[in-house]
Structures are given as C-alpha cells and as structure tokens.
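Protein chains in written order, with the numbering used here: chain P, 1253 to 1367; chain L, 50 to 162.
These aren't lab readings, by the way, just hints derived from the structure by calculation. Glycine included, each C-beta is placed from N, C-alpha and C at the ideal position. A few of these clues could be false.
[Stated by the list, open to error] When the alpha-carbon atoms are kept at most 30 Å apart in a straight line, the in silico DSBU-like pairs for lysine-lysine are as follows:
(1) LYS106/L <-> LYS1265/P
(2) LYS112/L <-> LYS154/L
(3) LYS66/L <-> LYS106/L
(4) LYS1265/P <-> LYS112/L
(5) LYS120/L <-> LYS104/L
(6) LYS1309/P <-> LYS66/L
(7) LYS52/L <-> LYS108/L
(8) LYS1309/P <-> LYS154/L
(9) LYS154/L <-> LYS66/L
(10) LYS52/L <-> LYS112/L
(11) LYS104/L <-> LYS154/L
(12) LYS120/L <-> LYS154/L
[Unchecked claim] Residues from chain L that keep clear of chain P, each with C-beta distances beyond 10 Å, as calculated:
(13) GLN83
(14) ARG110
(15) ALA132
(16) ASP133
(17) ILE151
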Amino acid sequence: KAGVTQTPRYLIKTRGQQVTLSCSPISGHRSVSWYQQTPGQGLQFLFEYFSETQRNKGNFPGRFSGRQFSNSRSEMNVSTLELGDSALYLCASSLQGDKSTDTQYFGPGTRLTVL
Amino acid sequence: SQKIEQNSEALNIQEGKTATLTCNYTNYSPAYLQWYRQDPGRGPVFLLLIRENEKEKRKERLKVTFDTTLKQSLFHITASQPADSATYLCALAGNQAGTALIFGKGTTLSVSS
C-alpha cells in the first residue's frame, strides 16, 4: 500500500509570505501528526489531528496552524514566514494515534526555505 | 522542562562491532520509548518500541533496554554493517490519548568496512 505522501517536496518563500503544506496519510489511517525538523532543535512536535479534530498541539506560535479533512488528508499553514521557519516539515500517520501500539509512518517531508 | 539527550552526536565504529547508542531523559516519566532510523533526505522509520514495564526488547540484530530508575535507554546494533549507517532517534511519550512524541536530536552512526 502507498506510503505517506507530502507535497510539495521543496519550497522557497520569502519573509512575510504564507505557505500551505499537504500530507496524504496511508489509507485507513485516521491520525496525522506534523513535526518541524531543524539541525539546532531536532524534531519538534507541531500538532496532531484525529478525525478532523486537533487532538494535541506543540509549543509553536499561532502562525502555525493545520486542519484535517474528512478523508484524513491534512494541511498545515504557516503565515507571516520568518527566516527561522526554514526547516524540514514532516508528517506522520497512524491508525488511531495511539503511540503505545500504533506505528507512526513518516512521509519524506517538505523542505521549506525562507529567504 | 522535559529534556531528552542522545549523548553522542556522532558514533563511528567498524563493521562487525556492536554499536551502542544512549538516550537519557529528565523531568519526564514516559510510559514508553521508541527508536527510529532516519536516512538523509528521508523521514524517520520506526524500529522498536519498549514500554516502561519492559526491561529489554529485541528485533533481529537490534536490542533496546529501558531503565526507568536511571532514566535511560540503550540501543544496540550487533554485527553492525555499513548499511546500518544512519541517524538514530529516540522518542518518548506518555499514556494519554493524543500524547505527543518528544524526540531526541539523534545520533549519527557511521559503520566503516
């Protein structure tokens, strides 16, 4: 079965712009989590969606937002981009989002560069 | 605040040796711990999960230990191969539904032939 897909794979934006990233989970998976990965901070949790509801949120400013659609596909949006938002954005899907039993499958990520 | 440390940014070993990676945590009582492998340009891939009431877990050449008293997990790769070269990440989580995974920054393992 197809893995987690993320589009676009690469993106270059300028400061102040906004960006929308997309994630299609594995078929049948209802939980989608988003992470930001940078060399300095590592992998940091942004938020998790389950059945179209945000179930958990990390410690990021309100410029970072997301949503999930009825087919479990998810988007995340970053408004008023800053240089520090340059990162690899990863999404991961799992069946129910239970981290003790469900394996999380990560997509390849979207590499965002803010100039 | 919660903190996870993978005490080596890089580890270089020779093929055939056992690689041992360490994950230490503070200010947290995780219900379970996961280990992932990440190759350059790719997302992490799940390897193993160990629960707080388990001391050791094995999968083929991989072994994970979890010591909640020391607040430490050790990840071993026996008979290491050049193909094992990658970054390995540990991640912790609690028991609540929707709990977030907290990741360490990873250890980059290089296995030379």
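Hints versus structure:
A hinted pair counts as satisfied when its Cα atoms are at most 30 Å apart, and LYS106/L with LYS1265/P does not qualify at roughly 44 Å. Between LYS112/L and LYS154/L the CA atoms are separated by roughly 20 Å; this keeps the pair inside 30 Å, and the hint holds. Taking the CA atoms of LYS66/L and LYS106/L, the gap is near 20 Å; set against the 30 Å cutoff, the hint holds. A hinted pair counts as satisfied when its Cα atoms are at most 30 Å apart, and LYS1265/P with LYS112/L does not qualify at roughly 43 Å.
For the hint linking LYS120/L to LYS104/L, the alpha-carbon distance of about 12 Å falls within 30 Å, and the restraint holds. Pair hint LYS1309/P plus LYS66/L does not hold up; C-alpha atoms about 41 Å apart against a cutoff of 30 Å. Using a Cα cut-off of 30 Å, the hinted pair LYS52/L and LYS108/L holds, with the two alpha carbons roughly 27 Å apart. Pair hint LYS1309/P plus LYS154/L holds up; C-alpha atoms about 20 Å apart against a cutoff of 30 Å.
Proposed proximity of LYS154/L and LYS66/L is supported: the alpha carbons are some 24 Å apart, at most 30 Å. Under the criterion of a C-alpha separation no larger than 30 Å, the hint pairing LYS52/L with LYS112/L is consistent with the structure, at around 23 Å. For a cut-off of 30 Å, the pair hint linking LYS104/L to LYS154/L stands: about 23 Å separates their Cα positions. Taken as a hint, the LYS120/L and LYS154/L pair is honoured in the structure, with Cα atoms around 17 Å apart against an allowance of 30 Å.
Separation of GLN83/L from chain P is inadequate, the least Cβ-Cβ distance of about 7 Å not exceeding the 10 Å criterion. No beta-carbon of chain P is positioned within 10 Å of the beta-carbon of ARG110/L; the least distance is around 19 Å. A cut-off of 10 Å between C-beta atoms confirms that ALA132/L is not in contact with chain P; the least separation is 19 Å. The non-interface label for ASP133/L is consistent with chain P: the shortest C-beta to C-beta separation is roughly 19 Å, beyond 10 Å.
A beta-carbon of chain P is positioned within 10 Å of the beta-carbon of ILE151/L; the least distance is around 7 Å.
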